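**Student:** Using the sequences and the hints given, assemble the complete structure.
2 protein chains.
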Amino acid sequence: MLEAVRIVLTRPIYSGNIGAVCRVMANMGLSDLVLAGAGIADPVEARKMACGARDVLEACRQVGGLAAAVADCTLVIGATAREGLYRQHCRTPREWAPEILAAAQAGRVALVFGPEDNGLNNSEIALCTRLMRIPSSPAYASLNLSHAVMICAYELFVAAGVFTPPAEKSVEALSAKKERMFALWERMLLKIGFMEPVMAAHMMQGVRRIFTRGRLSDDDVRILMGIARQVEWYVDKRKQSRPAPGAADGA
Amino acid sequence: MLEAVRIVLTRPIYSGNIGAVCRVMANMGLSDLVLAGAGIADPVEARKMACGARDVLEACRQVGGLAAAVADCTLVIGATAREGLYRQHCRTPREWAPEILAAAQAGRVALVFGPEDNGLNNSEIALCTRLMRIPSSPAYASLNLSHAVMICAYELFVAAGVFTPPAEKSVEALSAKKERMFALWERMLLKIGFMEPVMAAHMMQGVRRIFTRGRLSDDDVRILMGIARQVEWYVDKRKQSRPAPGAADGA
Numbered sequence: 001m002l003e004a005v006r007i008v009l010t011r012p013i014y015s016g017n018i019g020a021v022c023r024v025m026a027n028m029g030l031s032d033l034v035l036a037g038a039g040i041a042d043p044v045e046a047r048k049m050a051c052g053a054r055d056v057l058e059a060c061r062q063v064g065g066l067a068a069a070v071a072d073c074t075l076v077i078g079a080t081a082r083e084g085l086y087r088q089h090c091r092t093p094r095e096w097a098p099e100i101l102a103a104a105q106a107g108r109v110a111l112v113f114g115p116e117d118n119g120l121n122n123s124e125i126a127l128c129t130r131l132m133r134i135p136s137s138p139a140y141a142s143l144n145l146s147h148a149v150m151i152c153a154y155e156l157f158v159a160a161g162v163f164t165p166p167a168e169k170s171v172e173a174l175s176a177k178k179e180r181m182f183a184l185w186e187r188m189l190l191k192i193g194f195m196e197p198v199m200a201a202h203m204m205q206g207v208r209r210i211f212t213r214g215r216l217s218d219d220d221v222r223i224l225m226g227i228a229r230q231v232e233w234y235v236d237k238r239k240q241s242r243p244a245p246g247a248a249d250g251a
Numbered sequence: 001m002l003e004a005v006r007i008v009l010t011r012p013i014y015s016g017n018i019g020a021v022c023r024v025m026a027n028m029g030l031s032d033l034v035l036a037g038a039g040i041a042d043p044v045e046a047r048k049m050a051c052g053a054r055d056v057l058e059a060c061r062q063v064g065g066l067a068a069a070v071a072d073c074t075l076v077i078g079a080t081a082r083e084g085l086y087r088q089h090c091r092t093p094r095e096w097a098p099e100i101l102a103a104a105q106a107g108r109v110a111l112v113f114g115p116e117d118n119g120l121n122n123s124e125i126a127l128c129t130r131l132m133r134i135p136s137s138p139a140y141a142s143l144n145l146s147h148a149v150m151i152c153a154y155e156l157f158v159a160a161g162v163f164t165p166p167a168e169k170s171v172e173a174l175s176a177k178k179e180r181m182f183a184l185w186e187r188m189l190l191k192i193g194f195m196e197p198v199m200a201a202h203m204m205q206g207v208r209r210i211f212t213r214g215r216l217s218d219d220d221v222r223i224l225m226g227i228a229r230q231v232e233w234y235v236d237k238r239k240q241s242r243p244a245p246g247a248a249d250g251a
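First to last, the sequence lines map onto chains A and L.
The first sequence runs 1 to 251 under the working numbering.
The second sequence runs 1 to 251 under the working numbering.
What the hints contain is simulated information worked out from the structure, not anything from laboratory work.
Watch out, some of these pointers could steer you wrong.
[Stated by the list, open to error] Taking CB as the label site, the calculated pair distances span:
id : chain 1 : residue 1 : chain 2 : residue 2 : range
1  : L       : Met199    : A       : Arg54     : 51 to 61 Å
2  : A       : Thr164    : L       : Asp218    : 42 to 52 Å
3  : L       : Ser123    : A       : Gln205    : 25 to 35 Å
4  : A       : Thr129    : L       : Arg180    : 19 to 29 Å
5  : A       : Glu99     : L       : Arg208    : 19 to 29 Å
6  : A       : Arg222    : L       : Ser123    : 16 to 26 Å
Just so it is clear, the structure is predicted and the values come from calculations on it, not from any experiment.
No residue lacks a Cβ here, since even glycine has one placed at the ideal position from N, Cα and C.
**Tutor:** Have a look at this one:
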């Protein structure tokens, strides 16, 4: 679906922003960039900001104006931060994302961004079948062009569901395994005199709370069992070598 | 809640990125920026990219390292794009957002970003109580620093629910009003001979489908009624001035 989503920059002013938009698009799985009504004034700056997305930059096309840029698109979504009579029916990128992705399965869809200083003008807004407003603070609502494209591209990328988070390689430990770990800890904590037998059940509630507040994986349980065993080994070794516990050992 | 969220840039390299991060923060209602282990090498470039967010730039503090930057924070969330044994338990900014906001009601929370080239190192990762992975394309997963901050700040801003979209000033029209509009259109379309009376019910289904596919506000209905009335006025006027319809009038 994302291949059918076109980013249109209308009359962009700063070449660095065009390059930054290329990087943003590559980050979010987009590749179709059209510049409407203005080209790249400073190719060096554009390449610098495109960073590893030079293929998007080199493939981008320039056309005379917005009408030509969206002529082969069905849904045309304009981003606007300004308000006004014909800019009321705005929704957020997150709200539009499902409709955009559905349309992108049947035809080409354009996300249209205006120039850095004034945004889309009224005749450009008229070409848009939908308007989109990016949530931002009223104290400073104006986003950099590439950041505006990022929010919209990111929302589409997430909604497309193509991102698979890094797999948790160690599964959550089973209760029986955790119980063996707690039994080891209880024996160890008694052995080192951290708690009296009469208080063991009570103290172990605190220990359990600490270790089970988050998720405990098999790896985590293995580490915790290893710590308890090592403490016991050390204590046992000391007992063998120094029959009289309590002797000063450098302390 | 957003006032208690700190952005920490660890060993940032490019002053332009620091400035761009300031703008991103102002856009998303954040203001507490700390630079850990490196300062602003090029203040002119930083100010240029900060644009209207110079107050965030001027208020930012520089400290020796990450430990100092997060010393007064409870939750410390590190952003990482790399994978590895101790980077498995990553979640996305959207998944962490509710926990971050909850923690920000009780104490200070830090979102930590590494340097542009290599990200956070293992000793910095160790200071983080949570890790965060921004969804991105495996083909080019590396985001520009300010864009990474934008995604995280945006997710917090949206989750905080402080953004109120521009209000729809004209309410959805009531059915009775729409029906008056359709009655006007039917009369007009009959009058201009667009449809025969026998086909009127059928044709009006098509007209209804077009006009009700989306939402129709009171304003929209008023415009559509005005069009129908104006056509009728024009037709009636022509009938009066030219009793014999069908005469060529420049066609």
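**Student:** CB of Arg222/A to CB of Ser123/L, is that within 16 to 26 Å?
**Tutor:** holds, 23 Å
**Student:** I want to verify a distance hint. Is the separation of the beta carbons of Glu99/A and Arg208/L within 19 to 29 Å?
**Tutor:** holds, 22 Å
**Student:** State, for the Cβ atoms of Thr164/A and Asp218/L, whether the hinted interval 42 to 52 Å holds or is violated.
**Tutor:** At 47 Å between Cβs, range holds.
**Student:** Is the distance from the Cβ of Thr129/A to the Cβ of Arg180/L consistent with 19 to 29 Å?
**Tutor:** holds, 27 Å
**Student:** In this structure, is the beta-carbon distance linking Met199/L and Arg54/A contained in 51 to 61 Å?
**Tutor:** holds, 59 Å
**Student:** Ser123/L and Gln205/A, beta-carbon distance inside 25 to 35 Å?
**Tutor:** Roughly 34 Å apart at Cβ, these two residues keep to the hinted range, so it holds.
Checked against the numbered hints given earlier, this structure breaks none of them.
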